[in-house]
Amino acid sequence: AQSVTQLGSHVSVSEGALVLLRCNYSSSVPPYLFWYVQYPNQGLQLLLKYTTGATLVKGINGFEAEFKKSETSFHLTKPSAHMSDAAEYFCAVSESRRGSGDKLTFGTGTRLAVRP
Amino acid sequence: DAGVTQSPTHLIKTRGQQVTLRCSPISGHKSVSWYQQVLGQGPQFIFQYYEKEERGRGNFPDRFSARQFPNYSSELNVNALLLGDSALYLCASSLVSQASPLHFGNGTRLTVT
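Protein sequence lines, in the order shown, are assigned to chains A and B.
Per our numbering, the very first residue in the first sequence carries number 295; after that it's consecutive.
Per our numbering, the very first residue in the second sequence carries number 1374; after that it's consecutive.
Please note that the accuracy of each hint is not assured.
[Said to hold, decoys possible] Partner residues are not named here, just some residues of chain A that face chain B (Cβ under 7 angstroms, in silico):
hint, residue
1, Y333
2, A381
3, T404
[Claimed, not checked] Simulated crosslink set (EDC-like; lysine to aspartate or glutamate; CA at most 20 angstroms straight-line):
hint, chain 1, residue 1, chain 2, residue 2
4, A, K397, A, D379
5, B, K1386, B, E1427
6, A, K363, B, E1426
7, A, K363, A, E382
8, A, K363, B, D1435
9, A, K343, B, E1426
10, A, K343, B, D1435
11, B, K1425, B, D1435
12, A, K352, A, D379
13, A, K397, B, E1426
14, B, K1403, B, D1435
15, B, K1386, B, E1426
16, B, K1425, B, E1448
17, A, K362, A, D379
18, B, K1386, B, E1424
Keep in mind that the hints were calculated from the coordinates and are not lab data.
Quick caveat, the model's predicted, so the values are computed rather than measured.
From the three backbone atoms N, C-alpha and C, an ideal C-beta is built for every residue, glycine too.
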């Protein structure tokens, strides 16, 4: 069984400040990890993913995340927040073993607010 | 390139009724998955279909069913609607490979009164 915990349902930062959204996962097999963003009344858009290899993953819009196996974490960061980053962010995990298909387990989400 | 398209965008139904939601995947994507997103929560996996066969099912009652057509489009059916079925229903498509990311549509907002 796999699960995702996102610490902090709401995060507020000033424009230009560091963004840090926390995600911890639980998986019985090596995981695939994802961050998605959801804007109001829209579906989810992939920001970045970790499958294998380099543990620091760069995504779109200046976001990056680091896979830390020892801490079972996959925190999302961005050095400088922009007003357009205000949205809901979801961390998700899937199992890497063959046959697990497209079943993603999502966290409950973190709503990011950016103050002018 | 067109993304994942879902129809209708909004739907209002009464308890006990049945509903059919439709999804067209990105061209070339053979796998379609359905997720339910209740307000304030993360999406929950309902089904995955690949090559017209069910490849995965989440913890949902038998009132939920789906199918995939030869052109890889998909329908999600929900019978005997309950108030708790009110949610955003998201369809996602992907390539075959295990680590392929899901590409989501904008969803169908279902309201059950």
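Checked hints:
no. : hint              : verdict
1   : Y333              : violated (10 angstroms)
2   : A381              : violated (14 angstroms)
3   : T404              : violated (10 angstroms)
4   : A:K397 x A:D379   : violated (27 angstroms)
5   : B:K1386 x B:E1427 : violated (27 angstroms)
6   : A:K363 x B:E1426  : violated (34 angstroms)
7   : A:K363 x A:E382   : violated (25 angstroms)
8   : A:K363 x B:D1435  : violated (37 angstroms)
9   : A:K343 x B:E1426  : violated (27 angstroms)
10  : A:K343 x B:D1435  : violated (33 angstroms)
11  : B:K1425 x B:D1435 : holds (19 angstroms)
12  : A:K352 x A:D379   : holds (16 angstroms)
13  : A:K397 x B:E1426  : holds (15 angstroms)
14  : B:K1403 x B:D1435 : violated (24 angstroms)
15  : B:K1386 x B:E1426 : violated (28 angstroms)
16  : B:K1425 x B:E1448 : holds (11 angstroms)
17  : A:K362 x A:D379   : violated (24 angstroms)
18  : B:K1386 x B:E1424 : violated (31 angstroms)
The earlier numbered hints that this structure contradicts are 1, 2, 3, 4, 5, 6, 7, 8, 9, 10, 14, 15, 17 and 18.
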